[in-house]
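J.: With the sequences and hints as input, model every part of the structure.
Residue numbers (this note's numbering), protein chains in the order written: chain A, 1 to 553; chain B, 1 to 98.
FYI, nobody ran anything at the bench for these hints, they're computed from the structure.
We put the CB at the ideal spot given by N, CA and C, even for glycine.
Among these hints, one or two may not hold up.
[To be verified] Each computed SDA-like pair below joins lysine to any residue, with the alpha-carbon atoms no more than 20 angstroms apart: (1) A:K130 / B:Q24; (2) A:K130 / B:E55; (3) A:K379 / B:R35; (4) A:K130 / B:E26; (5) A:K379 / B:N78; (6) A:K130 / B:L27; (7) A:K379 / B:R77; (8) A:K379 / B:I79; (9) A:K130 / B:D56; (10) A:K289 / A:D328; (11) A:K379 / B:W54; (12) A:K379 / B:V80; (13) A:K130 / B:D23; (14) A:K296 / A:D315; (15) A:K326 / A:M26; (16) A:K379 / B:E55; (17) A:K130 / B:R25; (18) A:K130 / B:W54; (19) A:K174 / A:R227; (20) A:K130 / B:E82.
[Unchecked claim] Derived contacts from chain B toward chain A, CB cut-off under 8 angstroms, selection only: (21) L30; (22) W34; (23) Q53; (24) D56; (25) T58; (26) N78; (27) V80; (28) E82; (29) N83; (30) F86.
[To be verified] Cβ-to-Cβ under 7 angstroms is the rule here; a few derived chain A residues that face chain B: (31) E35; (32) D38; (33) P40; (34) S41; (35) Y101; (36) T368; (37) R399.
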Amino acid sequence: MRQLVFAGFVAIVAVVVGGCATKDSMSSRYAITSEKPDGPSLSKNVILVADNQLNHLYGEPVWMRSQFITKIVSVSIRPVQQDLFGQGILRWALATYGTRYPVIHLGDAGNMGCVGEFEAFVDVMASTGKRPWLMAPGNHDAYLMGNVEGDFHSWEKACERAGGPLTKEMLVEKYLRVLISRYRDFGSAYPDPDGLPATGEWRSQQPRGSAFLRAVAWRIDKSAPHRSYVVQAVDLALPPPPDATESSTPVSAVLLDSSQFASAPILLPSGNAGVNGDLQADQLEVVRKWMALDGKAGAITVLMSHHPFGNLRKDSRHALDELRRKHDVPLYVSAHTHQGQFFVRGGREGWLELNVGSIVDYPIEFRTFSIHDAGASGKLIRSPLFRIPDVWDTLAGNRAPRCDAKWEAKPGDQDFYLTYKDGNDSDPEATQVMLMDTLLHTYVRLIDTVPSAEDNTDWPNLSREGAACCVNDDEIQVRLGEVIETATRKQKIDVLIELGRFDRARKPEASILHRDYRICQALWASKYNKIDRRMPVVNDPYIQFSDTNGGQQ
Amino acid sequence: MANGLVSFDQASGELRSIPDAFDQRELSVLSIIWRPGIDTATVGPGTAVADVQWEDNTREAIEVPEGCSGTVSSVNRNIVFENLPFAPSQWLMIVGQS
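T.: Below you can see the structure in the form of C-alpha cells.
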C-alpha cells in the first residue's frame, strides 16, 4: 500500500512538473517569417544598443571589487582590457551604423555610477555625429554598481578621480542637458539649462515624422534621488511621402525609466536596483497620457525600458500590462540581461519581449529595429542582429577590425585577461594593486605592438623624483618596468591616467592597427571572461597550433 | 546602369548592389520593395524591378542595367539594408539568360 501511495505521489509530481515544463508560446498573433515581405517600412530604422558598462577603473578600492566578491558576483570585476578598450566596440558600431541611423540606448551606459563615466559615455555617443540618440536609464547609470543608493562612503571611494557619485537626480539633470544641446526645439524651450525646473514635461510641436524626440517628462528630486525619472516618447514615424495626401502611419516608442524607486535601493535583502526595476505613479501617469494621445492618432506604440518586463516589480508590471493591452502594444524591448533573447510573456496571451544583449559582454551585439507593412499579413518587426565579431566578417577591407592571434595575451602572461580570477583575496586594496599591474602590463604590450609614429609629438609625463620622462616608446617601456616594480598603488593610478591620455592623443605608427588591436583585446577579454577560460567557442572555424608544445601551459 | 545603384554580373546572372553608390547618397535605406510579380517576370534593360525606400520616405526605382535580360529566377528578400553602403556588394536578384 505504501508503495502504491508513493507511486501515486510520483505520478502526480511528474504531471505537475511536466505541466510546468511546458513553456509559454507566442500567440497566433505572431509568425516568424524567413523572408521580408515586400511592403515598405512604416518607421524609422533605429539602432538598439545597451549595457556598455563604461567602468571607472581608477577609484579607491571598495569591498565590492575584490577577488573574493567576484567569485560570488562575477560582474563585480571584468578583465581590465574590457574596461580599458571595450568602449571602442561601441564607438565602432556608432561610427559605422550610428552615423546612418538614429540610436536608442537601453541603459547601463556606466558601471560604477560615477559622473565621469556618464561624461565619457556622452563623448562616445558623439561618434553618431549629427544623428540623434536617446537613452533609457539603467540601474548602473545612477546607483552604486547598479545596486544601491546608500553606502555613500563606498560610492565616493569608487568614484574618486571620476567626479564623484552620479545619483539619480544628477543623471536626469545631466541627461536633460544633453537633450538641450542636441535637440534644437527642446533646447529652445529651455535656453538656460541651469534653469531647468525640478519637474517638467515638454512635447515637440513638429509635425509627426519630422522629429525624433517627441516628448520628454522628468522629475529631479534632490531629497529622494531614487524618485527622479526621465521618460521619453520617440517619434519613429516617417515623414509623409512627397506625393501623399495623407500623413504617414504613426509609429512611436516610449522609453521608460525602469530605475525609479519609491525608496532608496538597498543591497539586501530586497529592493536591489539590479534585481528589480520599478516605475512610480508620476511617470506612469505621463505614459498613460502620451499613449492615449498616440491611441487617438492610431499609432503603433512600442514600449522600451532597461529592465526586462519580468524583472519589474508587481505594480509596475500590472500598470504596463494594462497599457499594453489597451493600446495593443506589439512589442516590449528591454536590455539588462547581457544575453540577447526573446521572451514570451503573459501566459496564454503569449506576447513578445525583445531583449537586447550587451555591446561589451560576450556575446557582444546590437540590433536595428523598424516596423514594416506586411500587406494582408499585417505588420512586420524587422530587427536583424549584429553580433561581434560575426558582423566584421561580412564587411570588406578595413571597415571592420581584424584580429591577429599574435596580439593575444596568453595564460602565464602578466596581462592575461583572466589574471584577476587567480585567487580569492578578500582585500580590495590587494585586488586593486593586481588590477593596476595588469593594466600596466597591458600598456607594455600595446606600445610594443602599436608603436608611436616617428613624428609623434605627444608624449606622457611620467617624470619621477626629478628624472624627466618620456620622449619615445623605449623610454616609456623602461619607465613602466620601474613603475610596476616600485611604485605605490596611487602612483600606479597616476601613471595609468597619464598613459590613457597619451594613448588617446598620440599618433600611432598605424591608426587602423591601433583601433584593431585595442578592440580585439576587448573582444578576447570579453569572450574568455564569459566562458571562464581561454578556449574556442563552437563557431570558431580555425584553431592554429604550433609544431611543438614547448612546455606551454 | 539606370540609376547607378546596381550592376549586372553577366557570368553569374546576378543583379548586385554597388556599395559606393549607396555610400555616396546622403540618405540611408529603409527598405527595398520588390515590384509585384517580380519573381516570375521577364526583364530587360530599363525594367523597374524594385523601389529603394530612403529614410525621408521617398522612393527611387531600381532599373535593370544594360546587358541584363531574361527571366527572374531568384529574388533576395533578406538584404541587409544597413550594409548596402559597405563592400562587399549584395546580390539582389538572379536573372536567367534569355
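J.: State for each hint whether it applies.
T.: Hints and how they fare:
1. Distance check on the hinted pair: K130 of chain A and Q24 of chain B sit about 17 angstroms apart at the alpha-carbon level, within 20 angstroms; holds.
2. A C-alpha spacing of about 15 angstroms is found between K130 of chain A and E55 of chain B, which places the hinted pair at or below 20 angstroms, so the restraint holds.
3. Distance hint between K379 of chain A and R35 of chain B is fulfilled; the C-alpha atoms sit about 18 angstroms from each other, no more than 20 angstroms.
4. Between K130 of chain A and E26 of chain B, the direct Cα distance comes to roughly 12 angstroms. Compliance with the 20 angstroms bound is thereby established for this hinted pair.
5. For the proposed pair K379 of chain A and N78 of chain B, the alpha carbon gap of about 17 angstroms is at most 20 angstroms, so the pair holds.
6. The suggested pairing of K130 of chain A with L27 of chain B holds, with an alpha-carbon distance near 13 angstroms, which does not exceed 20 angstroms.
7. Restraint check for K379 of chain A and R77 of chain B: satisfied, since their Cα atoms lie roughly 16 angstroms apart, inside the 20 angstroms limit.
8. Our distance criterion of 20 angstroms between C-alpha atoms is met by K379 of chain A and I79 of chain B, whose separation comes to about 18 angstroms.
9. For the given pair, K130 of chain A sits about 16 angstroms from D56 of chain B by alpha-carbon distance, which is consistent with the 20 angstroms threshold.
10. With a C-alpha separation of about 15 angstroms, the suggested pairing of K289 of chain A with D328 of chain A holds against the 20 angstroms cut-off.
11. Between K379 of chain A and W54 of chain B the CA atoms are separated by roughly 19 angstroms; this keeps the pair inside 20 angstroms, and the hint holds.
12. Distance restraint check for K379 of chain A and V80 of chain B: the Cα-Cα separation of roughly 19 angstroms lies within the 20 angstroms cut-off, and the hinted pair is therefore satisfied.
13. Annotation: proposed proximity of K130 of chain A to D23 of chain B holds, straight-line Cα distance about 17 angstroms (limit 20 angstroms).
14. For the given pair, K296 of chain A sits about 26 angstroms from D315 of chain A by alpha-carbon distance, which is inconsistent with the 20 angstroms threshold.
15. Pair hint K326 of chain A plus M26 of chain A holds up; C-alpha atoms about 19 angstroms apart against a cutoff of 20 angstroms.
16. For the proposed pair K379 of chain A and E55 of chain B, the alpha carbon gap of about 18 angstroms is at most 20 angstroms, so the pair holds.
17. Between K130 of chain A and R25 of chain B the CA atoms are separated by roughly 16 angstroms; this keeps the pair inside 20 angstroms, and the hint holds.
18. Using a Cα cut-off of 20 angstroms, the hinted pair K130 of chain A and W54 of chain B holds, with the two alpha carbons roughly 18 angstroms apart.
19. This hinted pair checks out: K174 of chain A and R227 of chain A have alpha carbons roughly 16 angstroms apart, not beyond 20 angstroms.
20. This hinted pair checks out: K130 of chain A and E82 of chain B have alpha carbons roughly 18 angstroms apart, not beyond 20 angstroms.
21. Satisfaction of the interface hint for L30 of chain B is found here, the shortest Cβ-Cβ separation to chain A being roughly 4 angstroms, below the 8 angstroms cut-off.
22. The interface hint given for W34 of chain B is met, as the beta carbon of that residue sits about 5 angstroms from the closest beta carbon of chain A, less than 8 angstroms.
23. Interface hint at Q53 of chain B: satisfied, since its Cβ lies 5 angstroms from the closest Cβ of chain A, which is below the 8 angstroms cut-off.
24. Because the beta carbon of D56 of chain B sits about 6 angstroms from the nearest beta carbon in chain A, less than 8 angstroms, this interface hint is met.
25. Hint status for T58 of chain B relative to chain A: holds, with the closest Cβ pair at about 6 angstroms, below 8 angstroms.
26. Evaluation of the N78 of chain B hint against chain A yields a held restraint, the C-beta minimum of about 6 angstroms falling below 8 angstroms.
27. For V80 of chain B, the suggested interface contact is upheld, since its CB lies about 6 angstroms from the closest CB of chain A, less than 8 angstroms.
28. This hint holds: E82 of chain B has a C-beta 6 angstroms from the nearest C-beta of chain A, less than the 8 angstroms allowed.
29. Given hint, N83 of chain B at the interface with chain A, holds; its Cβ is 7 angstroms from that chain's nearest Cβ, closer than 8 angstroms.
30. Taken as an interface hint, F86 of chain B checks out: its beta carbon lies about 5 angstroms from the nearest beta carbon of chain A, inside 8 angstroms.
31. Of the supplied interface hints, the one on E35 of chain A holds, with its beta-carbon coming within about 4 angstroms of a beta-carbon of chain B, less than 7 angstroms.
32. The beta carbon of D38 of chain A is positioned within 7 angstroms of a beta carbon in chain B (closest approach about 5 angstroms), and the interface hint is therefore held.
33. Because the smallest distance between the Cβ of P40 of chain A and any Cβ of chain B comes to about 5 angstroms, under 7 angstroms, the interface hint for this residue holds.
34. A hinted interface residue such as S41 of chain A counts as satisfied when its beta carbon comes closer than 7 angstroms to some beta carbon of chain B; here the least separation is about 4 angstroms, so the hint holds.
35. For Y101 of chain A, the interface hint holds, the least distance from its beta-carbon to any beta-carbon of chain B being 6 angstroms, beneath 7 angstroms.
36. This hint holds: T368 of chain A has a C-beta 6 angstroms from the nearest C-beta of chain B, less than the 7 angstroms allowed.
37. Annotation: interface hint on R399 of chain A holds; nearest CB of chain B at approximately 6 angstroms, less than 7 angstroms.
In this structure, the one hint that does not hold is number 14.
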